[in-house]
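Single-letter residue listing:
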Amino acid sequence: GAGVSQSPRYKVAKRGQDVALRCDPISGHVSLFWYQQALGQGPEFLTYFQNEAQLDKSGLPSDRFFAERPEGSVSTLKIQRTQQEDSAVYLCASRGGQEETQYFGPGTRLLVL
Amino acid sequence: AQSVAQPEDQVNVAEGNPLTVKCTYSVSGNPYLFWYVQYPNRGLQFLLKYITGDNLVKGSYGFEAEFNKSQTSFHLKKPSALVSDSALYFCAVRDRKDTGRRALTFGSGTRLQVQP
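Taken in order, these protein sequences are the chains called A and B.
Using the numbering used here, you'd call the opening residue of the first sequence number 1 and step up by one each time.
Using the numbering used here, you'd call the opening residue of the second sequence number 1 and step up by one each time.
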């Protein structure tokens, strides 16, 4: 269990449904990031946690997106009332306290029909 | 604001030949620079980074990159390409001045195709 894990790996939702995406960071990593990767694009920043504190949520595209990390380890990204434009891969990354490298999970591919 | 440009959508190279994947960046201060590789249906895998010191950085799987401050570039290189290097490559930057957000800004990616 050395890496970042994410679940589910794939999620199909009907438009209007709520979804929850989970991220388990590398044990002991203080910082946790969520990125959104649209098809054919590079990842784009959504939000950042340091321990349980959400220090930056400026990348969240709308108030339908919500993220939490209540105990400073596992994080959940929730999307309410999903829209087709929410279809993307959602990547989670974690980083240790004294280094700059972010380590990414395998991502959750969300398809909204 | 920080940004990254990867001017080539795709790079084709024959196995055994050297490869270069280009990256230029823009930050207001000094950069932290990264290369990641993405295989199909996988997350991003870290290859190498420039933080400080020697401009030539060596990373995983024989890859290296050279930081050039005057040209604001951080091109990825490998002396001899393998078919298994075929993947999507992303360059990323973070401005050292950014003590708050700490997020990476990624380029749009370059698909490397190595022909046998």
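Hints in this document: simulated from the structure, not taken from any laboratory.
Think of the CB as a built atom: it goes at the ideal place given N, C-alpha and C, for glycine as much as any other residue.
Take these hints with a grain of salt, some might be off.
Label-pair ranges, simulated between beta-carbon atoms [what the hints assert, rightly or not]: (1) Ser27(A) with Gln45(B): 40 to 50 Å; (2) Gln115(B) with Gln41(A): 23 to 33 Å; (3) Ser27(A) with Ser60(B): 14 to 24 Å.
To see whether the hints hold, each was checked on the structure:
1. Ser27(A) with Gln45(B): 40 to 50 Å: 19 Å, violated
2. Gln115(B) with Gln41(A): 23 to 33 Å: 26 Å, holds
3. Ser27(A) with Ser60(B): 14 to 24 Å: 22 Å, holds
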